[in-house]
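**Student:** Sequence:
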Amino acid sequence: MKGKRHLNWIIGLSLIFLFIFIIFNPSDAVTSSSQVNVSVQVATRTMIDVNPERIEWIGLEPGEEGGPDDVSNQNVNAPGSIQIENTGSINITKIWFNVSQPSARPFGTGDNGSYDAGNFIAIAKHNTGQYYFVNRLDFNESQEIVYLYVPGPSWNYGRIRNASSEYFWAVNISANPLQNCGNMPLRIGLRPHNISSTGSTNFADGLSGTEYQEFTVSIMNANWGYVDMNSGPFANYCAIIPRPACNKIYIYHWDMDAPGAGLYCFSASYFWDNATNGELKPGESVIADIVVRVPYGVYQGYVKEGVLTVIAQSETST
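Counting with my numbering, you get residues 7 to 324 for the letters of the sequence shown.
Don't take each hint at face value.
Straight-line Cα separation of at most 30 Å, DSS-like style, residue types lysine-lysine; simulated pairs [said to hold, decoys possible]:
| hint | residue 1 | residue 2 |
| --- | --- | --- |
| 1 | Lys287 | Lys131 |
| 2 | Lys100 | Lys287 |
| 3 | Lys310 | Lys254 |
| 4 | Lys310 | Lys131 |
| 5 | Lys254 | Lys131 |
| 6 | Lys254 | Lys287 |
No lab work stands behind these hints, which were simulated from the structure alone.
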């Protein structure tokens, strides 16, 4: 009898363990779920990310154009190019550029810090090979050029320095300060000066189309005269000349902040324009190819580091 009770106790205990095992077996557990709705509102922001942050061209000769092979960092897919990505939350409609420039005429100073690398920059849309200066500044000559001819003392002249190609320019200065660099001729030589050729240097009257391209400098305002250059060696550029000094010339293509861009002069262009390119959507990017055009007469060593500024605009910019 005692043995039977012991056996019953063992059987009962086993049934308890079995019952517990059956109840708590995870494979037979009952699950429950509920949903949470998540709502996110993204602010309207116009933002871009530009990379790389720095490009260095090394070992360039005077009069040389620095391209992809001259960039110090070759461990990238496209040396000398920048990628502009829309990292904001709204479609970008316009992209353009500004560059730094020298504050005074650097040639003849013997100081490489007087030159600004930003003034050397030319940009093309990716893989097009059609490079334009963003905004190139050149000053009139500080001393007489004996092998160049202008019609008289009322002319200022200088050269537009495009790497190994230097194009002389001459502008007539009126005796009336209200007309200085306004309603006056600007002449740009047709053939470049370089170390092997004198180029176009005769700016006598009546030689337009053979020695030089002649434009009329229109008056923009009291500070600027302008030319929309649709022909000649600098076709598709705007030229502006400060009034009344008439002592330097800017030629620009990609700088839509320059005086007269899009208002008086229509050779300037946006690098990205929704009218022709569509809108650059968030997460999309565009590539710009860059070269530097080092003029003759630049003092050795590192010139002043230049700055290229990329500006993006949307229809609703914040």
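**Student:** Can you confirm whether the C-alpha distance between Lys254 and Lys287 stays at or below 30 Å?
**Tutor:** 40 Å, violated
**Student:** Are the Cα atoms of Lys310 and Lys254 separated by 30 Å or less?
**Tutor:** Distance ~20 Å between Lys310 and Lys254 Cα, so the pair holds.
**Student:** Holds or violated: are the alpha carbons of Lys287 and Lys131 at most 30 Å from each other?
**Tutor:** At roughly 18 Å apart (the allowed maximum being 30 Å), Lys131 and Lys287 satisfy the hint.
**Student:** Can you confirm whether the C-alpha distance between Lys100 and Lys287 stays at or below 30 Å?
**Tutor:** 12 Å, holds
**Student:** Does Lys131 lie within 30 Å of Lys254 when you go C-alpha to C-alpha?
**Tutor:** 28 Å, holds
**Student:** Lys310 and Lys131 were given as a pair; does the straight-line alpha-carbon distance stay at or below 30 Å?
**Tutor:** 26 Å, holds
Hint check: a violation occurs at hint 6 only; the rest are consistent with the structure.
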